Amino acid sequence: GNSVTQMEGPVTLSEEAFLTINCTYTATGYPSLFWYVQYPGEGLQLLLKATKADDKGSNKGFEATYRKETTSFHLEKGSVQVSDSAVYFCALRHLNTNAGKSTFGDGTTLTVKP
Amino acid sequence: DGGITQSPKYLFRKEGQNVTLSCEQNLNHDAMYWYRQDPGQGLRLIYYSQIVNDFQKGDIAEGYSVSREKKESFPLTVTSAQKNPTAFYLCASSIRSGGAGEKLFFGSGTQLSVL
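Order-wise, the sequence lines are chains A and B.
Residue 1 is where the first sequence starts when you use this note's numbering, and the numbers rise one by one after that.
Residue 115 is where the second sequence starts when you use this note's numbering, and the numbers rise one by one after that.
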């Protein structure tokens, strides 16, 4: 079956530090890959996505590249801010599969200190 | 503004009691979903509905029930059969296009606790 593995947290960084959150997946074929972010006390919201190999998703300074050869989709940001403190979830879904049946990782909690 | 509204934000359940969590969307989405989130864990799918008057069990449906009488509404009932109901419950929706980029839209969640 499908699975998503994220680096364990929590991750604590100082403001303006470089961020990497690792995500690797196991799946057949060519799934679409997503990063969702959850701010305290809220639901998840889509941060970025990539739908085929070598695609780069980007949003709000965050980037992730779909690497088929390493089955990875690592999230990066060059300079984090306090407002980036949240839980980040990596997820995958196959084409023509119900979006709600996405496979999620366990989430990585990021805390950014001033 | 379009979105998903969950209520209440906090809910307390007594032993043997059924409680219902509300989820309403005005995005005109066909598909709706309920997830359970436990601390430090990913999301687990409880139930989902792709169209009005139809729904399917997800991975952890035991002790829960749903209805989909209107496109906009997908309430979740946590029954007394659910022995460990304390969790954060998230409702979501999607367009149900099946396309590669189809994404989920989430509500703000309901925290359910047992008294």
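By construction, these hints were calculated from the structure, which means they are not laboratory data.
Quick caveat, the model's predicted, so the values are computed rather than measured.
Careful: at least some of the hints might be erroneous.
As the list claims (entries may be wrong) - Straight-line Cα separation of at most 16 Å, EDC-like style, residue types lysine to aspartate or glutamate; simulated pairs:
(1) A:K101 x B:E138
(2) B:K123 x A:E42
(3) A:K56 x A:E42
(4) B:K185 x B:E129
(5) B:K185 x B:D168
(6) A:K68 x A:D55
(7) A:K101 x B:D144
(8) B:K184 x B:D144
(9) B:K123 x B:E138
Results of checking the hints against the structure:
Proposed proximity of A:K101 and B:E138 is contradicted: the alpha carbons are some 20 Å apart, above 16 Å. Only pairs whose Cα atoms come within 16 Å are accepted, and B:K123 paired with A:E42 is accepted, the gap being roughly 10 Å. Proximity of A:K56 to A:E42 is assessed by CA-CA distance (about 26 Å); at most 16 Å being required, the pair is judged violated. Pair hint B:K185 plus B:E129 does not hold up; C-alpha atoms about 32 Å apart against a cutoff of 16 Å.
About 11 Å separates the Cα atoms of B:K185 and B:D168, which keeps this hinted pair within 16 Å; it holds. In summary, the hint linking A:K68 to A:D55 is supported, as the alpha carbons are separated by about 10 Å, within the 16 Å threshold. The straight-line distance between the Cα atoms of A:K101 and B:D144 is roughly 15 Å, inside the 16 Å bound, and the hint therefore holds. Taking the CA atoms of B:K184 and B:D144, the gap is near 10 Å; set against the 16 Å cutoff, the hint holds.
Note on B:K123 and B:E138: the hinted pairing holds, with a Cα-Cα distance of about 13 Å set against a maximum of 16 Å.
In terms of the numbered hints stated before, the structure departs from hints 1, 3, 4, listed from lowest to highest.
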